[in-house]
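Colleague: Please take these sequences and the hints and turn them into a complete structure.
Line order of the protein sequences matches chains A and B. According to the working numbering, the first sequence is numbered sequentially starting from 1. According to the working numbering, the second sequence is numbered sequentially starting from 646.
Calculated directly from the structure, the hints in this document are not laboratory data. Even for Gly, the Cβ is constructed at its ideal location relative to N, Cα and C. Treat the hints with caution; some may be incorrect.
Under the rule of at most 25 Å between Cα atoms (straight-line distance), these lysine to aspartate or glutamate pairs were calculated in the DMTMM-like manner [what the hints assert, rightly or not]: (1) A:Lys-304 / A:Asp-319; (2) B:Lys-799 / A:Asp-188; (3) A:Lys-304 / A:Glu-598; (4) B:Lys-721 / A:Asp-28; (5) B:Lys-732 / A:Asp-62; (6) B:Lys-766 / A:Asp-62.
Computed far set for chain B versus chain A, every beta-carbon distance over 12 Å [said to hold, decoys possible]: (7) Phe-671; (8) Ala-694; (9) Asp-695; (10) Gly-696; (11) Pro-715; (12) Lys-721; (13) Trp-764; (14) Gly-774; (15) Arg-776; (16) Ser-779; (17) Leu-780; (18) Arg-781; (19) Glu-800; (20) Ser-801; (21) Asn-804.
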Amino acid sequence: MQYSRDKNLLLTVFFLFWLPVVLFFALDHRLLSQVRPALFWFNRDLAELTLIGIGLPRWMIDHPASFAAMDGLAVLLPIILLRSAIRNKRFSSALGWIFTVFLVLYILLADIFWQVHLEPFVIYWLLSLAFLTNSERRFYGILRICRYYFLYIFVSAAIWKIARGAVFNGQEMSDILLRHQGYLLAGDCDTWTCRFCSWLIDHPGPAQTLYIAAAVLEAFFLIGFFTRRYDRLLIALAVLFVVADLVVMRIPYWTLLVGTVTLWIGSDVRRPAIVIYETTHHENLPALLDLCETRFPRVIVFLKESSWQNLSGGQSPSDRWPRTEFIRQPAGSRNRPFIRSLFSFIRRHHCSHLHLSTLDNNLLVFALRIAMAGNVHISLTVHEVNAWFRDSFRSVRKLSESLAKRFLRRRVRHYTVFLPAIADHFRQRMPDAVTVFIPSRFYMGPSPRGAALPLTIVVPGSVEANRRDYESVAAFFETWRPARPVRLILLGDSDSPYGSAIVARFARLESSEFLFTSYKGYIPERLYEQKLREADLIWSPLRVHKTGGHDEPETYGLTTASGLTADLLLNNIPALVPAEFGLPEPFRKALLPYSSMEDIARLIDIGRQAGLRGDIDKAFVFFRKENFFDAFDRLTSPDYPGQKG
Amino acid sequence: MKGLFICFIVLQIGLDLAHSVTFFPFTHYGMFSAVEPRPDSVLVYKIVADGRRLQPADFTIYRWDMVQTPLEAYDKQTATHDYAFDKDRLQQGMRWAGAGSLYSALKTNLDNTGDFPSWYKSYLGGLLGHRIGSLRVEKAWYRWQDGRLLPIGKESWINL
Chain A
1 MQYSRDKNLL
11 LTVFFLFWLP
21 VVLFFALDHR
31 LLSQVRPALF
41 WFNRDLAELT
51 LIGIGLPRWM
61 IDHPASFAAM
71 DGLAVLLPII
81 LLRSAIRNKR
91 FSSALGWIFT
101 VFLVLYILLA
111 DIFWQVHLEP
121 FVIYWLLSLA
131 FLTNSERRFY
141 GILRICRYYF
151 LYIFVSAAIW
161 KIARGAVFNG
171 QEMSDILLRH
181 QGYLLAGDCD
191 TWTCRFCSWL
201 IDHPGPAQTL
211 YIAAAVLEAF
221 FLIGFFTRRY
231 DRLLIALAVL
241 FVVADLVVMR
251 IPYWTLLVGT
261 VTLWIGSDVR
271 RPAIVIYETT
281 HHENLPALLD
291 LCETRFPRVI
301 VFLKESSWQN
311 LSGGQSPSDR
321 WPRTEFIRQP
331 AGSRNRPFIR
341 SLFSFIRRHH
351 CSHLHLSTLD
361 NNLLVFALRI
371 AMAGNVHISL
381 TVHEVNAWFR
391 DSFRSVRKLS
401 ESLAKRFLRR
411 RVRHYTVFLP
421 AIADHFRQRM
431 PDAVTVFIPS
441 RFYMGPSPRG
451 AALPLTIVVP
461 GSVEANRRDY
471 ESVAAFFETW
481 RPARPVRLIL
491 LGDSDSPYGS
501 AIVARFARLE
511 SSEFLFTSYK
521 GYIPERLYEQ
531 KLREADLIWS
541 PLRVHKTGGH
551 DEPETYGLTT
561 ASGLTADLLL
571 NNIPALVPAE
581 FGLPEPFRKA
591 LLPYSSMEDI
601 ARLIDIGRQA
611 GLRGDIDKAF
621 VFFRKENFFD
631 AFDRLTSPDY
641 PGQKG
Chain B
646 MKGLFICFIV
656 LQIGLDLAHS
666 VTFFPFTHYG
676 MFSAVEPRPD
686 SVLVYKIVAD
696 GRRLQPADFT
706 IYRWDMVQTP
716 LEAYDKQTAT
726 HDYAFDKDRL
736 QQGMRWAGAG
746 SLYSALKTNL
756 DNTGDFPSWY
766 KSYLGGLLGH
776 RIGSLRVEKA
786 WYRWQDGRLL
796 PIGKESWINL
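Modeller: Laid out in structure tokens, this is it:
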């Protein structure tokens, strides 16, 4: 993938330079057929002298149609080469040889007939050698040589300036300008370039400062022989050099910039390491971390301090995932500097993968950072499918988010979701992307149970009206007369007007037969998991159709997943769910779907049957890490084609 | 691959040391590194086509280059008697290499026979986009003084 991408990039850049070179030859009346020379010039180049010696220039002067033929080939050959490479997805070495030999010939003839100056075109010829091979090793070998040659061009100029003492000659730059800009200075000199040139000639100090600055800039390319770390900077310096050359010396040396492609390709060779970014949905990280530790030599997680504290209920995250580095965002610190440090880390360590486990906010920041992140492989966990695809322009924030999403949807082609049905739905919306289902966590087997009295029903999740229907739960307990004591635990933050009202309603029912527990604020993961372990039954009164975090309608089980999918896999406890909430087969064994109050009472009895937990345990064996290696490999492999591919 | 690259660099350095001679793809990248004393005069070719003097401001950089460069090249060619020194060195070199007869066979290919002034007039017409009736090229010498170039002499060179 990387190889074919680099090949395409080289082809694109090369011909984006070469074809304009020919175009500008035509515009500036420099095509051989436009020049139709009558004489040829000696430039003390042995290759040119050989051509002159064998009589080619003389023959061409005698046969002017040959000039048009050469110009025609200068345009046609690249097009044929390009077409062949695109069509066959490989280079034709025969065409490559023809083009390479032609290129040398054309450049030498252009120098013989109208003094093109060979220097910037050597890199074109060297780069064209890459079109001769379909071997990845040789391709990168040639590019490496071209890169060294490009660096050498600048370093050589710096060395000569120093070795010949030009940088130490205080008049050097003034003299160069006087010698080479005479035609400009001899005229009316009413342009700013002429006046600037005159000023520099009369002020050798500033002029020489420019010269020394140019030499220092050229010398800086020496660093490229020792490290690729500064290649992007060197590209910027090459552009700066060309611009300065144009402004000060009136030399349009832009053709040389084709060599910057050698600094670009491979400048971001990445080391296998996956960086995960997570904000608050830490409950979905465990499976991903288990897989990352199996598949990557280095795993780094950027997450909030609170997420780290609650990532693993039973033990410290560092103990559970010993090969993972956790970089924590201190409580109260700003998000953007943390995001900046994330991308800075990826750049400094040349990490190969970035997985965005949650992307709720700062979408534009992420889009811009990702745009500048080079070829890092990016994958994303989608929590709400509709929100991901829906663009809105109702406010500045929505507009920026929509623009960011448009970019991200093009850039990010690998997705993970928490349910197979969501994956199917996502694939319909984005058929050419790779979309896999990976659960929030893997099933570790049943936890040991304590005393079974009283009957404990846990309703997990924050107490809010949008997501869950607590009224129906309250209505049930207000009428239900159980045969034994019952304990109800609202296992979520109820610190809201709605939550308080619900809690008050249950509190009124409290008696020796009905024990009630509720919480305010965030529940630490250890306590959360402990309370779930104590449950005989989970009750998830989901509102299947809800409004998502981005005000988009979402459907639980189809476009978004509830925390229930993560909760279920902590143990083998059955869960009461509304009948319209559909989960696929491995989960289904744990579900007790209800559509009426009568159903609930009956299902509570079924849920307490001893055999059910054993059945759930057997079904949940599906959620072993080994069963998701393939999905994870597809998620993290750039070579894996999309569903269409 | 590495060996080839080392050979390339060695040859490149060799060519660098050979100063004025190159052998494509081994060229010099000195980029204005020669230390020369300030010129006492500056030569400028003054071109007048159909009575109008051509000025750099009227052309793009590359087009002006194409106005000037052929004149410089022709001036060099005539000054060197069609590169007599280069041909002489080539002959010596080929004789030394035992290819003296080859040089004799190829010698005629080295000589220019074209008529530069008429070609230049025709080419300039193409560059300007119309046929040129009269063309005059002068060599003019200037001296840098008081922040500008002052003319110190001129010579009529091409007159068609």
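Colleague: Hints first: check each against the structure and report whether it holds.
Modeller: Here is what the structure says about each hint:
Annotation: proposed proximity of Lys-304 (chain A) to Asp-319 (chain A) holds, straight-line Cα distance about 18 Å (limit 25 Å). With a C-alpha separation of about 18 Å, the suggested pairing of Lys-799 (chain B) with Asp-188 (chain A) holds against the 25 Å cut-off. Only pairs whose Cα atoms come within 25 Å are accepted, and Lys-304 (chain A) paired with Glu-598 (chain A) is rejected, the gap being roughly 44 Å. Distance restraint check for Lys-721 (chain B) and Asp-28 (chain A): the Cα-Cα separation of roughly 23 Å lies within the 25 Å cut-off, and the hinted pair is therefore satisfied.
At roughly 22 Å between alpha-carbon atoms, Lys-732 (chain B) and Asp-62 (chain A) fall within 25 Å of each other, so this suggested pair holds. Of the pairs offered as hints, the one joining Lys-766 (chain B) and Asp-62 (chain A) holds, with about 19 Å between alpha carbons and a cut-off of 25 Å not exceeded. Distance check on Phe-671 (chain B): its Cβ comes as close as 8 Å (rounded) to a Cβ of chain A, failing to clear the 12 Å threshold; non-interface status is violated. Even its closest Cβ contact with chain A, about 14 Å, leaves Ala-694 (chain B) beyond 12 Å, as expected for a residue assigned away from the interface.
With a least CB separation of 18 Å from chain A, Asp-695 (chain B) remains clear of the 12 Å interface cut-off, as annotated. No Cβ of chain A approaches the Cβ of Gly-696 (chain B) within 12 Å, the least distance being about 17 Å, so the stated non-interface status holds. Once the 12 Å rule is applied to beta carbons, Pro-715 (chain B) is inconsistent with being away from chain A; the minimum gap is 7 Å. The beta carbon of Lys-721 (chain B) sits about 8 Å from the closest Cβ of chain A, which is not more than 12 Å, so the claim that it is off the interface is violated.
Listed as a non-interface residue, Trp-764 (chain B) fails to keep its Cβ farther than 12 Å from every Cβ of chain A; the least gap is roughly 4 Å. The Cβ of Gly-774 (chain B) sits about 9 Å from the closest Cβ of chain A, inside the 12 Å cut-off, so the non-interface label is violated. Distance to chain A confirms Arg-776 (chain B) as a non-interface residue, since its nearest Cβ pair spans about 15 Å, more than 12 Å. The claim that Ser-779 (chain B) is not at the interface with chain A holds, since no C-beta of that chain comes within 12 Å of its own (minimum 20 Å).
With a cut of 12 Å on Cβ distances, Leu-780 (chain B) stays outside the contact zone with chain A, its closest approach being about 15 Å. With a least CB separation of 16 Å from chain A, Arg-781 (chain B) remains clear of the 12 Å interface cut-off, as annotated. With a closest Cβ-Cβ approach of about 15 Å to chain A, Glu-800 (chain B) is found to remain outside the 12 Å limit, as its non-interface label requires. For Ser-801 (chain B), the shortest C-beta to C-beta distance to chain A comes to about 17 Å, beyond the 12 Å cut-off, and the non-interface label holds.
With 12 Å as the threshold on Cβ separation, the claim that Asn-804 (chain B) sits away from chain A holds: the shortest Cβ distance comes to roughly 18 Å.
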